[in-house]
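K.L.:
Sequence:
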Amino acid sequence: MKSALPALAAALILSGCATVPAGSGAHPVMLGGKVLPTPAERMALRDFPSIYQAWNPLDMPAQYPQDTIAQRIAAAAKHDLLWEEPVSQIGFKTPLVLGLEWDGAHAGQSTRFKSASLAQAIKNRIELLRLNPAMVTLMEIRWRDAPGSYLPEDSPWWKRNPDGTREAGWDGGPEPYYMLNYENPGFIRHVGEQARIAVQSGVYDGVMLDWSGYLPIVEEVRRSVGDDAIVIVNIHDDIEDGEKYAHLINGAFMECDPEPGKLCGWDKMSRALRYYEAAFRSPKVNALEGWGDRKDFKRMRAVTTMGLTQSDAFVLYADPNPLKTPDHLHDWYAFWDTKLGRPTAAGAMAPDGSWRRQFTNGTAVYNPFGNKTVSVSFDADRTQASTGRRAKTFEVGAADGDIFVR
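Residue numbers (the numbering used here): 1 to 406.
Incorrect hints may have been included.
Straight-line C-alpha distance at most 27 Å; calculated DSSO-like pairs for lysine-lysine [claimed, not checked]:
| no. | residue 1 | residue 2 |
| --- | --- | --- |
| 1 | 372 | 268 |
| 2 | 262 | 244 |
| 3 | 78 | 324 |
| 4 | 324 | 93 |
| 5 | 159 | 123 |
| 6 | 324 | 298 |
| 7 | 78 | 159 |
Pair ranges (Cβ atoms, derived) [unchecked claim]:
| no. | residue 1 | residue 2 | range |
| --- | --- | --- | --- |
| 8 | 372 | 65 | 40 to 46 Å |
| 9 | 342 | 320 | 30 to 36 Å |
| 10 | 161 | 322 | 24 to 30 Å |
Hints are computed from structural coordinates only; laboratory data are not their basis. Ideal Cβ placement from N, Cα and C applies to all residues, glycine included.
Modelling step: build the complete structure from the supplied sequences, incorporating the hints.
P.N.:
Next up, the structure:
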């Protein structure tokens, strides 16, 4: 997160008016007659670690209450990337941060937003950017499945069973979800149109596609939003999908539960993250997420430092999806408040098998799963982020990581 407000961003944001030029791409918000800094320009303001919010919020109500929109914006502003999707989140009774909602009886048919929600969402984005000028915002566009109320029951955009009934989709929603007919040419065009409308609203820098994507959908979305908008897809650590989409997308949502036999593995996550950082369109907007127990601080550090040493990715450590709570809820960790600054070089693997990367204010170290404990030494005293201990020599265990600041 970036706490200081640069003069350019302040002048643009505090002017308080917003318009949307026709045919706009990644930065359509006009404030005070000037264009908001591009996503790349805003991302360059980030301090690291750089944390993101995937749909659902920071879940520490005593420290970060979320009862009012001002409180939700303040909590969201601790992150540098946020995406939301009104249909599913409202269904779960999860309050939105930006709050843009599709108009009409069926969101899946809509080609406009509710006017009151658009006006409020612009105000919310201005306040979010005032608090964190580095913030990038995305809207998830549904393409794979949706709640039964998303479309009329007889819509040709539902995928059907042989008997004509709607094919069941995700089984974790507050109402039955059904598969969308994502091979239907008309539906593919409509997904692209909703993506274009979201970007041109002035509220979002781009769009997010869940469920590993579908090439004709991803192609249509890119065509519809133009070259400058951000497009990311949930492809986990699937390098094969990354190769297929590399010319179309800016990043991957790497939704991972890194254990053998589960969703992703530590080694493949690492290889995929490095490939995505090298291969995707600029600006790169990779979002690395690891699931785990909130009190497993070692696992949180491993996910965070993998991201720090092998990429410029946004990172998140969140609840596992199988829990009987909304997905991606998370704590905020003091480790994430470490002021590491900006990277001064690419990360590299050391002879001992650990990964290390230099930043303006210190060094990040990631020690992979299966490696031995490694020693980390400096010429002058450093402060270890995990313990607060100040010394010249430290140890980092396997499947762990740490930050050492000057």
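K.L.:
If a hint holds in the structure, say so; if it doesn't, say that too.
P.N.:
Hints and how they fare:
no.: 1; hint: 372 / 268; verdict: 19 Å, holds
no.: 2; hint: 262 / 244; verdict: 23 Å, holds
no.: 3; hint: 78 / 324; verdict: 26 Å, holds
no.: 4; hint: 324 / 93; verdict: 14 Å, holds
no.: 5; hint: 159 / 123; verdict: 38 Å, violated
no.: 6; hint: 324 / 298; verdict: 24 Å, holds
no.: 7; hint: 78 / 159; verdict: 40 Å, violated
no.: 8; hint: 372 / 65: 40 to 46 Å; verdict: 44 Å, holds
no.: 9; hint: 342 / 320: 30 to 36 Å; verdict: 32 Å, holds
no.: 10; hint: 161 / 322: 24 to 30 Å; verdict: 27 Å, holds
Taken one by one, the earlier hints fail for this structure at numbers 5, 7, listed in ascending order.
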